[in-house]
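Novice: Residue 252 is where the sequence shown ends in full-length UniProt numbering, and the numbering goes up by one at each step.
None of these hints come from the bench; they were simulated from the model. We treat Cβ as the ideally placed atom computed from N, Cα and C, and that holds for glycine. Take the hints with a grain of salt, since some may be wrong.
Quick list of the computed label-pair ranges, beta carbon to beta carbon [to be verified]:
no., residue 1, residue 2, range
1, T33, D73, 35 to 41 angstroms
2, H226, Y41, 47 to 53 angstroms
3, A93, L51, 22 to 28 angstroms
4, D73, I26, 36 to 42 angstroms
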Amino acid sequence: MDHTIIINKLAELSYKGFKDAYMHQIEDVNYNTLSFEDRLYQLLDAQDIFLRNKRITMAFRLSKIKDKQAAIDAIDFSPRRKINKTQIHSLAALNFIHAKQNVIITGKTGTGKSYIAQAMANRAIIDGYRAYYIRTPTLLEEIRISRIDGTYTNLLKKYSRFQLLILDDFGVAPIVEDDATNLFEIIEDRTEINSTIITSQLPVSEWYNYLNNNTIADAILDRIVHSSHRVELSGPSMRKMKSTIENKEILE
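All chains should be built: construct the whole structure from the sequences, respecting the hints.
Specialist: Structure below.
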């Protein structure tokens, strides 16, 4: 059978990975030394890799992660940053997602909270998990709008389906009426089903007062805080350090 017929059929079936690998086999005479089974397996494997990469690309697109280059291996673990390297690498194994557990990352502005959270999410996507990033003030605004336009139920379903949800910048904006309740419902919908990473400049000890609703605060802290892995960053601001270095280079 002519190669063109096979290639056209693979294109018709949208077996792009298989097709590209098949065309490569045609062009490389070294493949003639392999058995039919070995060549077929390599073609099937190429299609599998193609589909996996396609899923990852789509997952990254849907994730809304701002820094898709954030990586665990790129984190600066120098002593001045006071980051527990063992803890970060342990969390990077992503067992907390499999166990439906949560992570809280706290620290002053610029200490790298968002970067670490996004690095975790990027790794999760590569490992096949669905992840989503959103700033907490943006999420609360989305909820307020959804209650008005009648899409609230759909919004809850949207956030419940992600195996890892990053809630960045918790506590940076004042809580307005019903915000604490709205946040609780998102968390309640995910408890013991999926994992959440929350980053905050506020120490956890201040969350209760910040939520300004004793009943809801108790419920949120019970579901998130008391059963979470805690990462506390106390090093200097990376933004200030970077700015100082850049200014020094300009002066030199």
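Novice: Note whether the CB distance of A93 and L51 lies within 22 to 28 angstroms or breaks it.
Specialist: holds, 25 angstroms
Novice: With respect to the beta-carbon atoms only, verify the hint that T33 and D73 lie 35 to 41 angstroms apart.
Specialist: holds, 38 angstroms
Novice: Taking the beta carbons of H226 and Y41, is their distance inside 47 to 53 angstroms?
Specialist: The hint (47 to 53 angstroms, Cβ to Cβ) holds, given that H226 and Y41 are roughly 49 angstroms apart.
Novice: Determine whether the Cβ-Cβ distance between D73 and I26 falls within the hinted range of 36 to 42 angstroms.
Specialist: Holds: the Cβ-Cβ distance is about 38 angstroms, inside 36 to 42 angstroms.
Of the numbered hints listed earlier, not one is contradicted by the structure.
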